[in-house]
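Starting from the known structure of chain A, fit chain B onto it as the hints suggest.
Here are the chains, one letter per residue:
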Amino acid sequence: MAKLKIRENYHQARWDEPIIYELSTPGERGILVPQPEKEIKDESGDILSSLPENMRRKDKPNLPEISQKHVLAHYLHLSQETLGSNLNNDISQGTCTMKYNPRINEKLATLIQHVHPSQDENTMQGILSIYYRFENFLKEISGMDRFTLQPGGGSHAVYTAASIIRAYHESKGELEQRNEVITTIFSHPCDAATPATAGFKVITLFPNEETGIPDIEALEEAVSERTAAVFITNPEDTGIYNKDIDEFVRIVHEAGALCFYDQANANGMLGIARAREAGFDMCHFNVHKTFGTPHGCSGPGTGALGVRDYLARFLPIPTVEFNGEKYYLDYDRPESIGKVRGFFGVAPVVLKAYSWVMMLGAEGLKEVAEISVLNNNYLQKKIEDIPGVDVWYARGRHRLEQVRYNWIELEKETGVGTDDIMRRIGDYGIQHYWTSHHPWVVPEPFTLEPCETYSKADLDEYAAVLERIAEEARKDPELVKASPHKCASNVIVKPEELNDPDKWAVTWRAYLKKHRKE
Amino acid sequence: MKLGFIVNPIAGMGGKVGLKGTDGKEVLEKARQLGAYPEAPEKAKKALKILISLIDQIEIITCPGSMGEDEATQLGFKSIIIGDRKTNVGPEDTEEAASKMLEMGVDLLLFAGGDGTARNIYNVIGDKLPAIGIPAGVKIHSAVYANHPRSAGEVALKYLKGELKTIREAEVMDIDEEAYREGQVTAKLYGYMKVPYERQLVQSLKAGRPEQEESARKSIADRIVSEMEPDIFYIIGSGTSTRPIMEKLGLPNTLLGIDIVKNKKLVASDVGEKDILKIINGKKAKIIVTVIGGQGYIFGRGNQQLSGNVIKMVGKDNIRIIATKNKIISLGGQPILVDTGDDEVNKMFNRYMRILTSYNEEIIYKVKGL
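If you read the sequences in order, they're chains A and B. For the first sequence, my numbering gives the first residue as 1, with consecutive numbering after it. For the second sequence, my numbering gives the first residue as 519, with consecutive numbering after it.
One chain only, chain A, in its complex shape:
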């Protein structure tokens, strides 16, 4: 077993690296491209003349002028100033399901880099078969009857669900009457935001303090003939599994509304509980979370939206079909809500996720859920033993795969709050943690999700670092409040500055305009 070690003397690389534009020297070149020979020039003529006038630049692009050596050094330095995905203890990112993304799948994904989605489908039978088979996996895992893999992320899939719900009620002539969607305060914010974007009013339920889930009576107060659907995450961001979920579904169905299951937090349920048995009409998965493909800054996402057969006619076009001989794209679906993204989704993510499922098999998927829950329970015990940590709602009850903790007591005692501790974690070589979605219903929050790929040593290291920082907060609060001290950048970014439109600059051009007015 690996030995517990806190990285006492950790120090991140710090290069004080300028922005690449600041390295630019007029006239400096990386590669000198040779002029074409006369024969080629004569043969090709004025190649720019074939471009329409309005597509031609008037001025040269403002690109940095820099030698190849300096470009390489620049990007090497920047890479050293990050902790790096898959190279770190990413337990911190609760709700993000950060797990190890097998490197071999990245290699596999390069196999389709030369395929273009506009190709004739006869020439893409391979990737279409992957789509078809991965859809079948998801059908088996959730119990839904059809899936679309077109959305580019979780919220995008949830928005697609909201659009399908609109289409469903419209088809029954009830859309005007059914204009309310019910969600819960600890469901993902997209469960409120995307129905609102689709034109629904949003009704939010709060949890009962003892059970950590909303009371049935609260749902009954919300449900009426105006209800279009319920959008609910289970387990919620607190990690508490709603054991009454089938009762919720029954009440909503009785009122003639639909039920959408947000399964962004599905890691603890794979192979154990399915949306279908809970009675849901629709559900979604964040493929890039639960199914082991990189995300965040390391890769694009895919949101998989599943529906029961009576809603399949509304799915985005095209669907991927198989006629027994060949795979094909079906655009002939007159009641479809249309396209929600170009082409048919992010193919490399689907390929990597397919590979991930194939490597694990059915038993392996169940083991993923079991170990992620076990890891979480082990870590919860260790974290709760740290003086100053508390967990709101359903005290003494197990969570599933993540926990929303808080530092309320520590903050009262020392003045050191969750934002301070978050920054200090970086000084021990660990990714800073995720606090909470906004608004902070639980004050001074932090949310940890130790997925199946972390070892006992990883969990012990994480808990030991938090315990150490809580001790520091008592002995020397300023040390924590002034952190980080050992990171690539030790500047504390003040949120109020990020909120000042006169100061923010997300491009070099904006920076020049706002901060270098000379």
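For the record, the hints were derived by calculation from the structure and aren't laboratory data. Treat the numbers as computed from the prediction; the structure is a model and nothing was measured. Mixed in with the good hints there might be a few duds.
Here are the simulated EDC-like cross-link-like pairs (lysine to aspartate or glutamate), alpha carbons at most 16 Å apart as the crow flies [unchecked claim]:
(1) A:Lys201 <-> B:Asp740
(2) A:Lys366 <-> A:Glu140
(3) B:Lys886 <-> A:Glu217
(4) B:Lys564 <-> B:Asp588
(5) A:Lys201 <-> B:Glu745
(6) A:Lys201 <-> B:Glu879
(7) B:Lys712 <-> B:Asp625
(8) A:Lys412 <-> B:Glu687
(9) A:Lys514 <-> A:Asp500
(10) A:Lys456 <-> A:Glu370
(11) A:Lys381 <-> A:Asp458
(12) B:Lys801 <-> B:Asp835
(13) B:Lys886 <-> A:Glu209
(14) A:Lys5 <-> A:Asp458
(15) B:Lys596 <-> B:Glu577
(16) B:Lys886 <-> A:Glu221
(17) A:Lys382 <-> A:Glu471
(18) B:Lys780 <-> B:Asp749
(19) B:Lys520 <-> B:Glu577
(20) B:Lys766 <-> B:Glu732
(21) B:Lys865 <-> B:Asp835
(22) B:Lys782 <-> B:Glu747
(23) A:Lys486 <-> A:Asp16
(24) A:Lys201 <-> A:Glu176
(25) A:Lys3 <-> A:Asp458
(26) B:Lys886 <-> A:Asp215
(27) B:Lys834 <-> A:Glu221
Positioned in the frame of chain A, the structure of chain B alone reads:
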């Protein structure tokens, strides 16, 4: 064990008749003319009654007449009386009594009143003596008060029995008069008193009012105005959350009082309980009410004009609660409270209710009648 017990008998009298407090002799006289009667003694008795199990173990030190002696005697407590009986009592009597109790070394001071009373007591005892307030005043911004008279009794009982050991510093607050003149409700912090603390039983401090809340309030007002029906009396409650409704309608607003609107026109301003009952009698009316800061009251604090009788006449299904989402979250999961002084009406509210939090958003939240 020695328990200090002070009742400000006139606390709360102004509220029921539409006055913003009972501070000052003229206001008190006006309240009496408008038909107000003292309610604080009854509330104080509700708290003291909880201590009956300790009747043989505690020594009560209190003031003459309705400032404590009468309430204690009626419940069968024997008490030591300090000071002389007077017809009219004022803040100086509260301060004098608190000062003597401090000298006599009481273990806990249980007092009934409002923010004015809390300030008087704080002026004398500071943080030298643990105290717990029985809410009886019009203005209850101070966190030294329990949620309800009974809760104050429970806190005192647990503390005297040694079951409750946590003492916290609780804010003594009162309306900032300067800000009030400029039209803002800002509770000014006067100091801290030591209060035995149990989260469920003691009022949390009122939530702050950051600028960004204003746009949420305006959005709520837009919705309320858009759904106003013709020929219905809208009784607009007090507070900063309801103000944008009146602004949207272009009508003058009473920040700490109740206004009535019909067909988007002002019917009456700054009305008391009797005015409301007279105006809406036999007519269809709705109440628009907000949650009062961190305490979480919708009825019974700062809007005593909306009495049990008014609520009964309007009907529980015609009450629209509005509040920003942050305000609800600042309650820390505690239910919204109703304390009309009428148990039957309070019970009507023991359920989940809808709260409008912006134009297209509502929250379902637990309401508890005390």
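field: Enumerated hints in conflict with the structure, sorted upward
entry: none
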